[in-house]
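Novice: Protein sequence lines correspond, in order, to chains A and B. Letter by letter, the first sequence follows residues 0 to 387 in numbering that gives the first Met the number 0. Letter by letter, the second sequence follows residues 0 to 387 in numbering that gives the first Met the number 0.
It is worth saying that the hints were derived from the structure and are not from the lab. You may find that some hints are simply not true.
Since copy identity is lost for identical chains, a pair holds within one copy or between any two.
[Stated by the list, open to error] Derived pair list, reagent style DSBU-like, types lysine-lysine, alpha-carbon separation capped at 30 Å: (1) Lys225 x Lys128; (2) Lys85 x Lys359; (3) Lys359 x Lys15; (4) Lys365 x Lys88; (5) Lys350 x Lys124; (6) Lys207 x Lys52; (7) Lys85 x Lys330; (8) Lys207 x Lys15; (9) Lys330 x Lys207; (10) Lys207 x Lys229; (11) Lys128 x Lys26.
There are 2 protein chains.
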Amino acid sequence: MNNFNFYSPTFFVFGKERENEAGKYVKRFGGTNVLIHFGGGSVVKSGLLDRVKASLTAENIRFTELGGVQPNPRSGLVYEGIGISKREKIDFILAVGGGSVIDSAKAIAIGALYDGDFWDFYTGKNIEKALPVATILTISAAGSEGSTGSVITHENGMLKRAANGDALRPVFSVLNPELTCTLPNYQTACGATDMMAHVMERYFTNTKDVEITDRLCEGVLLTIIKETPKALADSSDYESRANIMWAGMVAHNDICGVGRDQDWSSHNMEHELSGLYDVAHGAGLAVMFPAWMKYVMHHDIQRFAQFAVRVWGCEMDFQNPENTARQGIEKMEQFFASIGMPVRFSELGAKAEDIPTLVKTMGLGKNTLGSFVKLTEEDVRKIYELAV
Amino acid sequence: MNNFNFYSPTFFVFGKERENEAGKYVKRFGGTNVLIHFGGGSVVKSGLLDRVKASLTAENIRFTELGGVQPNPRSGLVYEGIGISKREKIDFILAVGGGSVIDSAKAIAIGALYDGDFWDFYTGKNIEKALPVATILTISAAGSEGSTGSVITHENGMLKRAANGDALRPVFSVLNPELTCTLPNYQTACGATDMMAHVMERYFTNTKDVEITDRLCEGVLLTIIKETPKALADSSDYESRANIMWAGMVAHNDICGVGRDQDWSSHNMEHELSGLYDVAHGAGLAVMFPAWMKYVMHHDIQRFAQFAVRVWGCEMDFQNPENTARQGIEKMEQFFASIGMPVRFSELGAKAEDIPTLVKTMGLGKNTLGSFVKLTEEDVRKIYELAV
């Protein structure tokens with residue numbers, strides 16, 4: 000096991016109707032002048048935004064609103080939010096939405112306390128401070144409600160890049176599973192895939208003897224695999240929504256990833272896809288992960304066999320562990336297909352002839368991607384081809 | 000799933016030699032005048048205390064020392080620590096030791112900011128504030144390094160009682176698995192049993208549809224069951240020590256317990272045992288848990304069968320799930336015995352004729368104990384008898 004630090008100080012407020020306590024928690028965590036950040040009309044139409052505003056008003060907390068966040072959130076609105084925050088002396092950002100809204104809120108929180116361009120932090124600059132961010136989560140997927148990360152697409156070149164820092168951990172996050180019951184099945188499935196990917200990026204590691212995190216990873220995957228079909232079959236099933244929502248947080252606050260090298264190459268390859276085509280992140284991951292697995296499985300057949308046996312219930316082929324490993328990947332592909340995810344480029348609307356562009360935009364050059372297997376540009380190209 | 004809050008803001012500093020960073024973290028978390036609290040001579044003899052003091056001195060942090068904490072920590076030393084803290088204007092408590100030392104440090108931290116008797120908080124008073132506590136953990140067991148709890152035995156009547164509150168969460172905890180490599184096997188096994196008990200008190204619940212926490216519980220148990228025999232066979236095996244140490248934190252910071260009713264009757268029955276006989280808490284739990292399980296299993300045979308299949312690898316007897324449930328309990332008893340734990344009163348040095356005293360000291364009266372099955376005084380007496 001590697002040495003590590005683990006710090007997850009977010010106060011989680013989980014359960015039915017708990018968005019009505021938002022004002023109480025904003026006050027507890029020091030907010031007096033809040034920017035409420037959200038996406039499209041659904042939080043308005045559902046009445047959620049009104050309930051949140053009422054809870055702020057009840058605590059005499061001032062607020063300004065900024066809606067319009069798109070999936071794969073863009074730099075333009077971030078710049079606008081930073082401008083508002085500086086002008087209005089905002090001291091607290093409250094994100095009401097899914098991962099895109101939260102990531103946009105985090106970017107605004109960094110930029111509001113910085114004189115330069117916020118994009119500096121998405122191209123490697125160390126994050127030292129940010130305004131406090133809190134979230135009211137409406138989509139179980141990105142795990143941004145408990146994570147240090149934010150992913151933004153810059154409109155200049157459609158570059159999709161990530162920033163990370165402890166200052167980006169939300170101070171509190173309200174998780175009410177009821178809010179996710181109205182999602183279309185496609186979005187629920189994309190979210191489940193994203194969570195599974197967050198776990199698998201951590202699971203496939205070269206670090207030896209990390210049984211505790213292996214087991215936690217497997218537990219989260221088993222839960223998502225069991226609960227997602229129930230949520231898709233009956234969108235109002237609170238219990239499956241609740242299990243999925245908490246699993247999504249656990250999948251990405253790093254309790255499943257400490258003490259081990261992590262990979263993240265599938266995420267990076269997907270970022271190029273959703274940057275170019277503006278497809279849902281989860282859908283892109285359902286295409287990229289099986290391709291990556293097929294390409295790298297020989298690096299550690301026993302680990303892929305463990306994944307097949309413990310997560311997918313495959314029987315171990317002791318004569319030929321590779322059979323078991325391959326069966327696990329097949330079962331995963333079948334699962335993705337069964338919940339309505341694409342597993343090939345064509346189903347996603349991606350094109351084989353764009354592969355050189357995807358590889359070029361990534362800009363790997365002589366560097367490598369990932370840690371389980373260090374992928375060259377040539378490897379990346381081959382993995383994209385396996386996904387066609 | 001029940002509504003819940005989850006808040007675990009402790010900064011964990013995990014790995015080899017990381018106690019040398021104690022001074023840096025005390026400074027980061029605002030300590031300027033520290034009470035170092037510890038137990039017997041082992042932290043002195045091993046040089047650990049000197050390394051910790053050197054790291055404080057390197058940051059120009061003042062400190063006072065108070066050693067002498069016993070297993071099942073007593074009120075007398077707590078009163079002494081509170082006196083020192085008030086007199087010396089201590090602003091930070093640093094516990095160097097296992098659960099007993101940490102629990103004693105937490106009690107001092109509450110009392111130092113309170114004009115009345117600290118025992119008030121162990122008999123029901125709400126904890127509003129405490130001095131910041133940090134820990135350098137030397138025994139994997141109690142989980143106090145990441146928990147809200149503290150258990151103290153009052154010398155007036157040998158009453159063993161618990162206090163809980165967010166203010167008792169350590170601000171940081173250093174977990175260096177190397178520090179546990181010198182423990183006698185008996186203590187390592189007691190620690191493993193304590194961790195398993197922390198998980199099982201959460202696992203046996205009447206709350207339906209808590210798959211995510213079920214799976215996390217099972218993952219922690221599977222890890223402890225796999226890694227403990229390795230640590231006992233080769234006490235210097237760092238990797239098993241590391242897995243056990245992190246499992247002990249995860250077992251008790253409540254990530255495995257949120258959203259579900261918890262039981263805690265076995266812990267309460269054990270507290271009377273270790274209060275009266277001063278036996279190791281883990282050893283008492285190894286005796287009480289199987290007895291409790293045998294007594295309550297019919298309340299939910301399917302849950303006990305799930306425990307047997309998923310945790311102990313039993314084959315499900317679909318014709319007769321009770322067989323499977325019973326087999327799981329037997330396998331657990333066999334496991335405890337295999338790691339050198341007692342599983343009966345006689346092995347513990349407890350006496351059947353003391354059962355009326357144990358029941359009386361608990362003082363249940365007309366109240367009930369636990370939540371999975373609400374136990375009356377009569378039930379408690381019968382469970383103690385099953386443990387004879």
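Novice: State for each hint whether it applies.
Specialist: Structure-based check of all given hints:
no., hint, in the structure
1, Lys225 x Lys128, "neither (39 Å within a copy, 42 Å between copies)"
2, Lys85 x Lys359, "neither (37 Å within a copy, 65 Å between copies)"
3, Lys359 x Lys15, "neither (46 Å within a copy, 41 Å between copies)"
4, Lys365 x Lys88, "neither (44 Å within a copy, 58 Å between copies)"
5, Lys350 x Lys124, "neither (34 Å within a copy, 66 Å between copies)"
6, Lys207 x Lys52, "neither (49 Å within a copy, 33 Å between copies)"
7, Lys85 x Lys330, "neither (51 Å within a copy, 63 Å between copies)"
8, Lys207 x Lys15, "between (41 Å within a copy, 16 Å between copies)"
9, Lys330 x Lys207, "both (25 Å within a copy, 28 Å between copies)"
10, Lys207 x Lys229, "between (35 Å within a copy, 15 Å between copies)"
11, Lys128 x Lys26, "both (20 Å within a copy, 19 Å between copies)"
When each numbered hint is compared with the structure, violations occur for hints 1, 2, 3, 4, 5, 6, 7.
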